[in-house]
Amino acid sequence: MNKLVKKLALFLVAGSVMIAPFQGSAQESEEITPAIKAFVTETVAAATKGPEMDEDFAGLLEGQGDAAYAFDFFTTSNLWTVIAAAFVFLMHLGFSCVESGMCQAKNTVNILFKNAFIISIGLITYALTGFNTHYPVDAWIIESYLAFNGPFSAGNIDNTFGYGGVGLCMTGYADFIFQAMFAATGATIVSGAVAERVKLLPFMIFATLLVGVGYPIIGSWHWGGGWLGTLNGGEGFKDFAGSAVVHAFGGFAALACVIVLGPRKGKYVDGKIKPILGHNMPLATIGVLLLWFGWFGFNGGSVLSADPGLVSLVFMTTALAAAAGCIGAIITSWVFLKTPDLTMALNGMLAGLVGITANADIASVPGSMIIGFIAGIIVVFSVIGLDKLKIDDPVGAISVHGTCGIWGILACALPFLCPDTPYGIGGQLFGVIAVAAAAFLFAFVVFFILKVTIGVRVSEEEELEGLDKSEHGQEAYPDFAPATKG
Amino acid sequence: MSVKKIEAVIKPFKLEEVKEALTEIGVEGLTVSEVKGFGRQKGHTEIYRGSEYTVDFLPKVKIEVVLGESLIEKAVETIVKAAKTGKIGDGKIFILPVEEAIRIRTDEKGEKAV
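Order-wise, the sequence lines are chains A and B. The first sequence maps to residues 8 to 493 in my numbering. The second sequence maps to residues 1265 to 1378 in my numbering.
Careful, some of the hints might be misleading.
Residues from chain B shown here face chain A by an in silico Cβ test under 7 Å; the list is partial [as the list claims (entries may be wrong)]:
| id | residue |
| --- | --- |
| 1 | Y1312 |
| 2 | R1313 |
| 3 | Y1317 |
Keep in mind that the hints were calculated from the coordinates and are not lab data. Using N, Cα and C, we set each Cβ at its ideal position, and we do this for glycine too.
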């Protein structure tokens, strides 16, 4: 007990010293403090089973006073958010590995180059136009439908715990960096689908416009307080961390680009599908497991505070869905494709993760496993189906992010998966179709214009020689080149 | 005495046994490379992401060893014995004449050089 008293005293001193600047700088903080106190008490009570709350823990809360309450929760929440942002950053490393591993060795430099460019341009465009377009507040061109605003600026910076209220417990900087890490994801998804034949410069122009214009405008419909909020009889559109506005967005933009671009040379010959093998399965596996790791931040950070109940629920549903997705894809691949395909197992993991992204905070524990399992089944059939339609997607990005993104959104409306869901299947379907169609249209128009102006595809010889040599004059493996086809 | 070269294409997992056996009969050096090819064994089909494809060229290991004529027969016997599994795809051995062999370090020629 002595130790606890000492700890308390330390908390109080530290808390009061550190909190001083915050109290001085914002009036809202005084109003928000009781709200945070009530919120913390509630969530702690819920997490520790109400009145039987652990005595020491209750005492700890009592001793700190209002300001320390709020400060502790704010600090923890802000810290969790920036850590989650770093997790999401790691997903770009994951994407780089998956895409390189599942393509041929001769295109590795090109894929890595695109990934290096996308994360960089994604962050910069998010600072220049993205953040304030994504979150227009009152600055709409057409209310609830269209916004386009300028750079992240002094007006965005609010580092008090009054920023955004209790549900968004972080500084303005933390809010920016967490959302910015999401922004480049859309273009990264496209990068995998168009790999091995897309011309570098038009892709870079396309990616810049997609992350700087398309993503924040369409995203503002949901997270910026736009028109999707009127769906489901005013309950709003349910898309927790972005099954629709990040993943389906990227997946359907990718579909549009692949249709404009056409399949890789030699993929479909005389009506037959000729597989083009990925050159490095260890790299692909590392990439997918890194993405899963990053997803704890993608979904867990989307709680937007350190609410212990929700953060831990989201970690659990996220992990279980990924696991079930892998199992679902393994079974489907083994039964229907007669082979336990590693790339399908990996796609299944990602499918489960995309499926749970919309509903990680409302799915039940068994529900999360079912959502992931079904996503794992869907993704295998989606990959096969797209191949039959001659839509050539080397990494399965359209199936993982597009098809399973839709599934995740629909799952929000199914009470046996998400108990107490107030969301209807009609509203969810309408919302995700709107997002997917808008992404498709935006990508199709931009990519088509690029096609007729500067061209989007490398020549046949360049494709056969490999983009590393033809586009970059560089080799990924200068000392040793594993066998490649063609 | 002239020298000859043995080129043996064998199953990759037999390399260690063949090397051991050759060392035992007094072979002092050899060169190996990873190669691919097909013979009567042909290729086989595999499946990637639901689509079948044929693997035409199977991985093999090629051993090259240059020896004095007197050792050739014994070396061939040894390789055959060590590399045989009795199943299709065990490989082949070729014997080629060698015009000259030179040891770079000492300028020695012929049988002395191998």
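Hints, one by one, checked against the model:
1. Proximity of Y1312 of chain B to chain A holds as hinted, the smallest CB-CB distance being about 4 Å (cut-off 7 Å).
2. Contact between R1313 of chain B and chain A, as hinted, is supported at the beta carbon level, the nearest pair being about 6 Å apart and thus within 7 Å.
3. For the restraint placing Y1317 of chain B at the interface with chain A, the shortest Cβ-Cβ distance is roughly 5 Å, inside the 7 Å limit, so the hint holds.
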